[in-house]
Each structure stands twice: as structure tokens, then as C-alpha cells.
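Participant: Residue strings, one per chain:
There are 2 protein chains.
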Amino acid sequence: MFSDIEIAQKNEMAPIADVAKKIGIDENCLDFYGKYKAKITMPELRKFQKKVLDPKNRGKLILTTAVTPTPAGEGKSTVSIGLGDGLNKIGKKAVIALREPSLGPCFGIKGGACGGGYAQIVPMEEINLHFTGDIHAISIANNLIAALIDNHIQQGNALHLDPRTIIWKRCVDLNDRALRNITIGLGGRTDGVPREDHFVISVASELMAIVCLSVSISDLKKRIDNITICQTYDKRAVRFGELKCTGAIAALLKDAIRPNLVQTLEKNPVFVHGGPFANIAQGTNSINATYSALACGDYVVTEAGFAADLGAEKFMDIKCRTAGLSPDVVVIVATVRALKMHGGVAKADLSTPDTDSLRKGFENLAVHIENISKFGVPSVVAINKFVTDTEEEIELLKKLCAEKGSKAVLCEGWGKGGEGMTDLAHAVVEIAESGKSKFHYLYESHLSLADKVRVIATEIYRAKSVEFPPSVLKKLREYEERGFKELPVCIAKTQNSISHDPKLIGAPKDYVFPVRDCQLYSGAGFVVVLAGDIMTMPGLPKLPAALNIDVDDDGKISGLF
Amino acid sequence: MFSDIEIAQKNEMAPIADVAKKIGIDENCLDFYGKYKAKITMPELRKFQKKVLDPKNRGKLILTTAVTPTPAGEGKSTVSIGLGDGLNKIGKKAVIALREPSLGPCFGIKGGACGGGYAQIVPMEEINLHFTGDIHAISIANNLIAALIDNHIQQGNALHLDPRTIIWKRCVDLNDRALRNITIGLGGRTDGVPREDHFVISVASELMAIVCLSVSISDLKKRIDNITICQTYDKRAVRFGELKCTGAIAALLKDAIRPNLVQTLEKNPVFVHGGPFANIAQGTNSINATYSALACGDYVVTEAGFAADLGAEKFMDIKCRTAGLSPDVVVIVATVRALKMHGGVAKADLSTPDTDSLRKGFENLAVHIENISKFGVPSVVAINKFVTDTEEEIELLKKLCAEKGSKAVLCEGWGKGGEGMTDLAHAVVEIAESGKSKFHYLYESHLSLADKVRVIATEIYRAKSVEFPPSVLKKLREYEERGFKELPVCIAKTQNSISHDPKLIGAPKDYVFPVRDCQLYSGAGFVVVLAGDIMTMPGLPKLPAALNIDVDDDGKISGLF
Chain U
11 MFSDIEIAQK NEMAPIADVA KKIGIDENCL DFYGKYKAKI TMPELRKFQK
61 KVLDPKNRGK LILTTAVTPT PAGEGKSTVS IGLGDGLNKI GKKAVIALRE
111 PSLGPCFGIK GGACGGGYAQ IVPMEEINLH FTGDIHAISI ANNLIAALID
161 NHIQQGNALH LDPRTIIWKR CVDLNDRALR NITIGLGGRT DGVPREDHFV
211 ISVASELMAI VCLSVSISDL KKRIDNITIC QTYDKRAVRF GELKCTGAIA
261 ALLKDAIRPN LVQTLEKNPV FVHGGPFANI AQGTNSINAT YSALACGDYV
311 VTEAGFAADL GAEKFMDIKC RTAGLSPDVV VIVATVRALK MHGGVAKADL
361 STPDTDSLRK GFENLAVHIE NISKFGVPSV VAINKFVTDT EEEIELLKKL
411 CAEKGSKAVL CEGWGKGGEG MTDLAHAVVE IAESGKSKFH YLYESHLSLA
461 DKVRVIATEI YRAKSVEFPP SVLKKLREYE ERGFKELPVC IAKTQNSISH
511 DPKLIGAPKD YVFPVRDCQL YSGAGFVVVL AGDIMTMPGL PKLPAALNID
561 VDDDGKISGL F
Chain P
11 MFSDIEIAQK NEMAPIADVA KKIGIDENCL DFYGKYKAKI TMPELRKFQK
61 KVLDPKNRGK LILTTAVTPT PAGEGKSTVS IGLGDGLNKI GKKAVIALRE
111 PSLGPCFGIK GGACGGGYAQ IVPMEEINLH FTGDIHAISI ANNLIAALID
161 NHIQQGNALH LDPRTIIWKR CVDLNDRALR NITIGLGGRT DGVPREDHFV
211 ISVASELMAI VCLSVSISDL KKRIDNITIC QTYDKRAVRF GELKCTGAIA
261 ALLKDAIRPN LVQTLEKNPV FVHGGPFANI AQGTNSINAT YSALACGDYV
311 VTEAGFAADL GAEKFMDIKC RTAGLSPDVV VIVATVRALK MHGGVAKADL
361 STPDTDSLRK GFENLAVHIE NISKFGVPSV VAINKFVTDT EEEIELLKKL
411 CAEKGSKAVL CEGWGKGGEG MTDLAHAVVE IAESGKSKFH YLYESHLSLA
461 DKVRVIATEI YRAKSVEFPP SVLKKLREYE ERGFKELPVC IAKTQNSISH
511 DPKLIGAPKD YVFPVRDCQL YSGAGFVVVL AGDIMTMPGL PKLPAALNID
561 VDDDGKISGL F
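Chains as they are written, first to last, in the numbering used here: chain U, 11 to 571; chain P, 11 to 571.
Hint data in this document are derived by calculation from the structure and do not stem from the laboratory. Do not take every clue at face value.
[Claimed, not checked] Partial chain U-side listing against chain P, Cβ under 8 Å, derived: (1) L113; (2) N153; (3) L154; (4) G195; (5) R199; (6) G202; (7) A261; (8) L483; (9) L514; (10) D560; (11) V561; (12) I567.
[What the hints assert, rightly or not] Straight line, CA to CA, 20 Å or less: simulated EDC-like cross-link-like pairs of lysine to aspartate or glutamate: (13) K57(U) with D563(P); (14) K232(U) with D560(P); (15) K45(P) with D36(U); (16) K57(P) with D36(U).
Even glycine gets a Cβ: it sits at the ideal position worked out from N, Cα and C.
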């Protein structure tokens with residue numbers, strides 16, 4: 011048994027120029043970052059964008075999502091990558107589009123985010139560590155915005171910015187709980203104006219959301235201009251554009267908006283670009299990466315963060331709406347182990363066969379299957395096989411899915427790569443080509459912001475009603491009065507339950523969904539609505555993954571998972 | 011008249027592989043970052059290091075330094091780059107080694123740091139903005155160290171770290187005064203342990219100093235292990251190695267320790283790598299970049315930050331000592347304008363001819379000429395020509411230098427590129443080949459730390475004595491008792507005067523040099539001694555350079571100087 015990084019390091023990569031050639035991208039249309047990573051040039055990106063304007067020129071769009079996460083893990087990226095390889099294995103021109111990993115989880119609890127086993131993207135160490143610098147660029151641009159705001163106040167505060175109202179937060183791409191609540195500007199007259207501040211992890215920043223939604227530098231600049239940074243003392247909302255430094259921020263991000271190309275272990279093309287969180291932001295790779303994949307591939311496998319209630323809903327209602335996309339099929343990843351946990355089994359007992367708990371935990375998957383159908387998109391269940399799964403359990407899971415009208419396919423990408431994913435590939439192709447998808451949004455843009463929340467909470471989260479504090483209703487009305495009524499909403503809640511309460515595993519229903527706060531992301535173009543305690547700055551665990559990572563004198567990294 | 015960025019953008023660059031070939035570096039020994047930037051591979055770097063072990067295999071080492079900076083500017087980088095081009099112009103194989111620019115000054119007051127006019131390094135926008143990500147890697151590695159320290163305390167504090175004694179600071183590569191003095195860890199039990207903290211600009215961090223002094227990944231790891239992070243409650247000094255995460259930090263820096271290759275406007279090779287401040291740190295590019303240049307070129311032009319009292323002294327006593335280097339000639343950059351300011355002329359009046367003030371301000375240059383001779387190295391003065399300089403002023407300056415036994419050469423690199431630098435190139439070759447350099451350190455390693463400070467302050471800064479607070483003497487003795495007596499000292503003081511007091515322009519003497527504090531950089535391998543108020547986190551000015559910077563839809567940047 012080899013570890014993920016050992017498998018990745020044993021693999022011989024193809025030069026990325028050769029991988030690009032397979033999907034019709036010439037070497038001249040790549041900016042190389044070493045031999046195995048490249049960014050698409052701006053003219054080529056524009057060519058892709060123009061091509062996909064006509065839906066007939068697009069590949070089929072396959073979205074991978076999952077059941078509600080448990081400590082057992084579900085392996086969504088592994089399935090997405092394996093499915094891409096499986097599609098290529100059965101002779102289809104398939105391209106994968108994924109998010110790029112944050113350094114926070116990498117040194118924290120989760121490790122890397124490049125798939126696993128024989129379904130990985132490579133070079134995994136470089137993708138996991140600095141990659142092509144996109145997240146670093148976003149972090150420094152985010153922090154330059156913050157420094158410019160504080161400097162405006164420091165230098166006389168001509169715009170009368172109220173330091174108590176600054177909602178733009180600094181960021182760092184690490185898990186660093188000590189930066190959650192801080193006071194800055196201490197020390198005296200020359201050292202800034204004292205105020206409360208908060209760092210978020212870079213991937214939870216509005217700027218990450220903006221970069222992933224921007225299709226051009228002008229689009230990026232318009233969004234940066236529109237960021238709401240704070241209020242004046244007389245309560246006027248202030249846009250960042252008023253500080254007249256938008257060009258400098260965009261200059262820092264000029265390369266970060268262009269997609270990166272890498273490969274799977276089986277040398278198939280993967281666009282890895284942008285990594286917004288799936289609670290506070292849209293949770294999916296950049297629009298530019300999806301456009302590029304749709305322009306180059308006949309089939310595009312992409313994924314959305316966390317479970318279908320968070321990532322898939324945002325993919326449909328935020329990303330598809332902004333980008334004019336329309337998914338042809340959704341793959342819902344489930345594992346026997348995760349469903350048993352939803353059925354009440356403790357993690358330590360997961361290896362014991364237990365069809366009763368599986369049957370009970372299936373309720374969670376059933377909700378997600380139903381939810382996807384509410385967008386008019388057909389779905390297929392991918393059973394990501396673990397060595398401890400029994401045949402009886404797998405057969406039961408297939409039967410339960412069939413009873414819900416959904417096909418379930420066993421996947422062995424982790425152990426066998428694309429070869430273990432051909433069944434799912436065939437199933438996905440059949441559905442995608444059937445024309446069954448009648449995609450529509452969950453809610454229309456003209457609904458009030460509060461009603462949009464009500465639709466998502468009742469239809470997707472299965473709450474019986476939504477409780478809004480009066481202060482939130484007032485803020486939502488203010489956003490509407492400022493002209494933001496048409497925006498989609500982005501609900502930030504726990505990923506560990508379909509509800510707002512992480513303890514409610516399985517399929518909670520008949521509860522009241524308690525909204526806590528809201529925030530306008532006028533740059534990204536959505537309204538964040540918070541329910542429960544949302545982590546925008548994770549912490550490190552007692553034994554962080556950083557303890558295991560090492561590098562030898564040749565630069566070879568070990569202990570990265 | 012074109013701006014620097016316009017000149018740079020009109021220039022057609024050679025592929026960096028062709029530039030590398032000119033100095034015998036094969037394409038296979040480069041990791042490309044686009045077509046015009048590359049990192050040297052680890053095996054090639056080792057080859058260079060092995061070659062320069064024998065001084066006979068090294069090129070001649072030319073150090074560029076300058077008079078004490080004034081608001082008039084002196085153009086040290088412009089002279090260094092122009093000299094490299096001038097040496098190539100007269101048929102010598104010359105390589106340049108420079109520091110990489112910080113983003114702080116770039117968006118603050120100073121602008122970029124790639125030379126000026128027709129003596130520039132390119133691609134200047136990319137070198138000035140993210141370059142190959144070295145500083146981003148250092149920033150995040152620095153902040154991961156901080157997060158791991160705070161997490162150790164959070165998770166039970168097994169080592170009994172005293173939060174009041176943490177000297178490891180977080181960093182960001184920006185001018186952000188509001189982060190100078192902060193409190194972190196507020197909010198409650200799950201949000202860290204409250205304590206005071208401070209951000210420094212990344213280039214002032216000990217980790218930047220470490221990366222620039224590390225010749226291999228093992229060397230890097232040893233230095234990271236040895237970083238003093240804080241004390242325990244019973245006052246034992248704690249090394250970062252005790253947290254057992256050194257491998258993870260080194261993994262983040264595995265590429266950052268390898269030199270970057272770019273080119274001048276005249277397509278000559280330049281290693282641009284590492285950018286430590288010249289007050290709190292050693293102020294010169296990485297040892298690996300200097301080794302690489304010495305292995306590839308017959309002549310190597312490098313520079314040290316600020317004036318000769320700061321940068322050159324540290325170059326000699328810290329970098330040369332650590333790396334076994336020995337400069338053959340020092341170029342001291344001066345301008346008529348800067349010397350007139352040292353003679354008391356206001357900035358607004360600099361265009362008025364004024365030989366009296368020039369004569370008076372020459373005192374500053376005279377001190378630096380004498381100082382360089384104290385290291386046994388011959389020097390030559392480079393008069394960086396400005397359009398307002400009169401012939402009479404230039405002749406007077408040459409005459410004054412001659413009276414000090416120093417040749418002064420007029421330089422027109424800014425206006426004419428290498429063609430305007432051939433006189434200096436000939437002068438430098440003549441001195442370098444003369445064998446006149448009898449380089450020695452200013453002080454021996456066996457002196458006590460306090461005596462090392464006394465030697466520098468009296469010999470170089472021209473103080474009559476040094477005043478140490480008892481607390482500093484105690485700390486210095488403690489460092490000695492812990493085994494750090496042999497380390498060199500790195501004095502952090504203002505760059506605007508030869509003394510500790512920025513108001514004392516010209517050639518101050520007969521004053522008391524007041525030490526304020528000291529700090530052990532046990533990872534980098536020197537003791538920082540602070541005098542006066544040192545800025546380790548600059549602030550943005552009222553009208554930051556960020557106001558002028560823009561980028562168009564093709565990614566072309568404007569307004570960057």
C-alpha cells in the first residue's frame with residue numbers, strides 16, 4: 011500500500027504542453043510555471059469565452075456533489091478525478107475543472123486536496139503548496155485593500171469612514187484562530203487608528219469569490235470598484251472604488267484570473283483554478299476555468315464544495331446564473347461508511363457490517379437526490395468503494411437508490427484509477443446525452459432577498475420556517491433599496507448537517523431555520539446570509555498535519571496527504 | 011521622455027533560455043516561470059556551489075554601495091544594472107546579482123526597484139509584483155510558524171511557553187502601519203490566547219534573512235530549527251525546532267531558496283533573489299544568487315541596501331563571513347544632488363548650481379570612502395549623472411574624490427544604458443584585476459558582542475562612544491552564555507544618517523551612539539542591535555503609489571515606477 015504522495019511521486023508526468031495539445035491548446039497559448047503547470051494566455055481565454063457563448067459549442071457539464079460530510083470522508087475529489095479519467099478511458103474527450111487547495115487545511119487537519127489513491131491530479135505537492143501563486147495574489151490584494159482603507163482614515167479621513175463599520179477583513183491562507191478577533195492600530199498617532207478587526211482564511215474572502223466570478227480584467231475592476239467596505243459616520247455605504255486604487259488591486263490579480271492547467275495521473279487535462287469556500291462564498295472553481303473546460307472538452311467534470319445542500323445549490327443558483335451555465339447531470343458521491351454514520355454508527359464501529367444503520371442513514375442521501383431534482387437536473391449516485399464495504403451493504407444501497415428512482419454505480423477510482431470508473435462514465439454519458447436535463451434555478455431573481463432565503467431553507471434544508479432577527483430584515487431591505495434586490499443569496503451555515511445545526515445528522519426536518527446575520531458582497535454579486543456559527547477562520551488541531559510534512563535536500567516532499 | 015515602465019515595455023526581451031545559454035546554463039537546468047523568468051534547478055545550484063569553493067574559479071566580485079540616501083535619490087540599482095551592461099559592452103562576461111523588490115514600497119512611496127531609464131531589469135512589472143513567489147512563500151511560512159506557536163499555547167501549552175515573551179512576529183509584504191501594534195487571540199476560549207503582537211513587513215523578517223543565507227535545504231532546516239521564538243515561564247529560551255514542524259516550514263520554502271534568473275534591457279543575465287532589509291537584516295541578495303553569479307560570470311556586480319555604513323558593512327561582516335566571499339572592488343554611488351542636500355540645500359533648490367554646498371556635502375561621501383578602505387577593499391566613486399548637474403559641479407566632485415585618493419567616474423546608464431557606463435566598467439576592471447583588494451572583516455569573531463557594536467559605531471558611524479542600557483548588556487551576555495558569542499552583529503539604525511539620528515546629515519561625529527535594544531536571530535546567525543526608532547513596518551503615505559497603477563484588459567500594467 012502506497013500513500014497518496016508516494017503514488018503521485020512514482021507517476022511519470024507528461025509535459026503539460028503535450029496534455030494541452032490533446033485538447034487543442036497550442037503551446038503558444040500557455041504561460042508555463044515549470045514543465046507541469048501552465049496558465050492559459052488571455053487571448054486563448056477570450057477565444058474559449060467566445061466559443062462557449064453558443065451552448066451548441068459547449069461540452070456536457072457534469073457536476074459532482076456529495077452526501078453531508080462525516081468524519082468517515084466521502085472522496086468527492088477522488089470520484090471527480092476518477093470520473094474524468096474514466097470518461098477518457100471509454101474514449102470520450104473529457105476535461106476536469108476543480109478548485110485549487112488552500113494552505114490552511116493542508117497544514118491543519120485535512121491535508122491536501124488533489125484526490126487520492128490512483129485518482130489524483132499532479133504535481134500534487136506543488137498544487138497543494140503554492141501552485142501558480144493565485145491564492146497568494148488574492149491574499150496580498152485583499153490586504154492591500156485593507157491597508158488602503160486604514161490609511162485613508164489615518165491620513166485625515168476625507169471620506170468620513172466610520173472605523174466601527176469596516177466590514178472588509180484582512181486575510182491569510184492559514185488556519186490561525188488567534189487572528190479571529192484582534193485589535194489593530196494601537197501605539198499612537200503614527201501607528202494607525204485603533205479598531206477591532208478580524209482575519210479570515212483567504213479562501214473565505216470576498217476577493218476570492220470575485221476572482222472566481224470575473225471573466226475579464228474589466229469585469230474584475232468593476233467588481234472591485236463595487237465592493238462595499240464600510241459606512242461613513244452618517245451611515246452612507248462606501249464602495250472601494252471611492253478610494254481610487256482599483257487599478258492597483260487589479261494589477262495584482264491580472265494573472266490570478268487566468269485558469270491553470272495540470273493533469274491527472276492518467277495524463278488527462280484538468281483546469282484547477284480558484285478555491286472559494288462553499289459556505290460564505292460560491293464554493294466552486296472559477297467561471298473562466300469552467301468556460302475553458304467546456305470549450306475544450308466534450309464532457310466536463312466539475313465539483314462543488316461540501317454537500318449538495320451547500321455547494322450544489324450555490325453552483326446552480328449563483329454560478330450558473332452568473333455564467334449562463336446549465337448542468338446536464340449531477341453525480342452524488344456517497345459511501346457506505348458515511349451513510350452508516352448518518353444512521354448513527356460511531357466512527358470506530360464503521361467496519362462492522364450494519365445494513366440497518368445504512369438504511370437509516372440513506373435518508374441523508376435521499377434528501378440530496380430529491381434536492382437535485384428540484385433544479386430539473388437528473389442525477390446518478392456514485393458509491394465510492396471502501397475496502398470494508400460488504401457486498402450486502404452495496405447491494406442494499408443500490409436498491410435504496412433505485413427505489414428513489416436513482417441509479418447507483420460502484421466506483422473504484424481510488425484503487426484502480428479510470429479503469430475503476432468506466433461504469434460511472436457510461437452511466438453519466440447516457441444521462442448527459444439523453445437530453446433529460448431541464449435545468450432551472452431554484453428561485454427567480456425578482457423574489458425579495460428574504461424570500462430567496464425562505465425558498466432555500468424550506469425546499470433544500472427542509473426547515474418548516476425561517477426566523478429572521480428584525481435587524482437582518484432591516485439590512486436586507488436596505489440592500490434592496492440600494493438596488494441589490496436581484497442578487498442571489500449565499501447561505502453560510504454548517505456543512506455537517508442539512509440544517510443549521512451540526513448535531514442534526516441524517517435528514518432533519520420540521521425545524522426553524524434561524525438566520526443570524528447578513529452581509530452584502532456587492533463586488534462578488536451576492537448577499538451572504540449567516541445561520542449558526544460560521545467558521546471563516548479555521549483553527550489548527552492539537553496535532554496539525556504540519557508535524558508530518560518534510561522535504562529532503564533534493565526538494566522531495568513527504569508526509570503530505 | 012518615456013517613463014521607466016514604458017521603456018521596459020517597448021523593449022523586446024530574449025527568451026530567458028537564451029540569456030542563460032550565454033553564461034553556460036543549459037535549458038534543462040532551469041525551471042521556467044513563463045518565458046522570461048526561471049529558477050536554477052537544485053543540481054545546477056549544487057554544481058555552482060562546488061565550483062566556487064575554489065576562489066580561483068570565481069569571477070571578480072564588485073559591490074555597489076552609496077552615499078547616505080536623501081530625498082534626491084542616488085540611483086544605486088540603476089548604476090549596478092548599468093555597470094553590468096557596461097562590462098558586457100566592453101567584452102567582459104559580467105553577471106548581476108540583486109535583491110528582489112518588496113510589494114510594500116511598490117504601492118507606497120518608492121515604487122518599483124528594477125533600476126531606471128535605460129538601465130533596468132525586465133520583465134519589470136512581474137519582478138516588481140509577484141515575481142516567482144519567493145516573498146509570498148516566505149510570508150506564509152513565517153505566518154505558519156506564528157500560527158503553530160499560538161496553537162501550541164492554545165492546545166495545552168505543554169512546553170510552558172510564556173505568551174508575553176514571544177518575539178516571533180507575523181508579517182505581510184505591504185506597508186501597513188495599522189498592524190504595527192495589535193492584540194490577538196481575543197474572543198474567548200476557542201479563539202486563541204490573548205497577547206500583544208506586531209506585524210513586520212516580510213522583507214524585515216528573520217525568515218527572509220534565513221532564506222538568503224541558506225545554501226541548501228538541510229542548512230535551511232538547521233536555521234529554522236535554531237530560531238529563538240520565545241521563553242518559557244521559567245525563562246528558558248525556546249527554539250522553533252522544539253515544536254517539531256521544521257519540515258513543513260522548509261517544504262514551503264523549497265523553491266524560494268533557489269535563485270531566479272532574469273535579464274537587463276540589454277539582455278544580460280541577472281540573478282534576482284531574496285530581499286532582506288538593510289537595517290534589521292543583512293540587506294543583500296541571497297548567498298545562493300551570489301554563488302551562482304560568481305560561478306557563471308568573470309565579473310559579478312552586486313549591491314547592498316542603503317548607504318555604505320549599513321549595507322556595505324553588513325555585506326562585509328555578515329554575508330562575506332557566512333559565505334566566505336571577498337569583494338575585489340567597491341563602487342560608491344553618489345549624485346551631485348544628494349551631496350548638495352548633505353551640504354544643506356533644500357530639495358526644491360537642487361537645480362541651482364552650488365559648488366559650496368557640494369563641497370560641504372562631500373564630507374558624507376568622504377566618510378564612506380574612508381570606511382570602505384577600512385575593509386582593505388579599493389573603491390571607485392560612480393557619479394550618477396542628472397540632467398541638472400553642471401560641468402563645474404562634476405569637475406569639483408571628481409577633484410574632491412581625487413584628493414581623497416579615489417577615482418570618480420561619470421555614469422550615464424540611466425540615459426544611455428551600458429554605452430553610458432563603459433568608463434566605469436573600465437575603471438572597475440582595472441582595479442579588480444590589480445589585486446589591490448586585501449579584504450578583511452572590520453572585527454574578529456572572538457570579540458564580545460558589545461565590543462563588536464563599539465567597533466562598528468566608532469569606526470564606521472564615527473561615534474565617540476556607545477551607550478548601552480544595562481538591560482541590553484545583560485541580554486548580550488546571556489546570548490554569549492548560550493553560545494552565540496561568535497556571531498556577527500547587525501545594527502538596525504536609520505538609513506538617513508551615518509549616525510543613529512536621521513536629522514544628522516553630512517558627516518556627524520563626536521556623538522554618543524545610543525543602543526536601545528537587541529534581539530538574537532539565532533536562525534539567521536546574527537545579533538540585531540537596535541539604535542533609535544527602527545521601522546520594521548512602514549506606513550503608506552497620503553498619496554500612495556497605488557493611486558497611479560492600472561492594468562488594461564490585455565494585462566498591460568501602467569503607472570508602476
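Participant: All hints, please: hold or fail.
Facilitator: Status of each hint after checking the structure:
no.	hint	result
1	L113	6 Å, holds
2	N153	6 Å, holds
3	L154	6 Å, holds
4	G195	4 Å, holds
5	R199	10 Å, violated
6	G202	3 Å, holds
7	A261	4 Å, holds
8	L483	27 Å, violated
9	L514	21 Å, violated
10	D560	3 Å, holds
11	V561	4 Å, holds
12	I567	5 Å, holds
13	K57(U) with D563(P)	14 Å, holds
14	K232(U) with D560(P)	13 Å, holds
15	K45(P) with D36(U)	15 Å, holds
16	K57(P) with D36(U)	35 Å, violated
Checked against the numbered hints above, the structure violates hints 5, 8, 9, 16; every other hint is satisfied.
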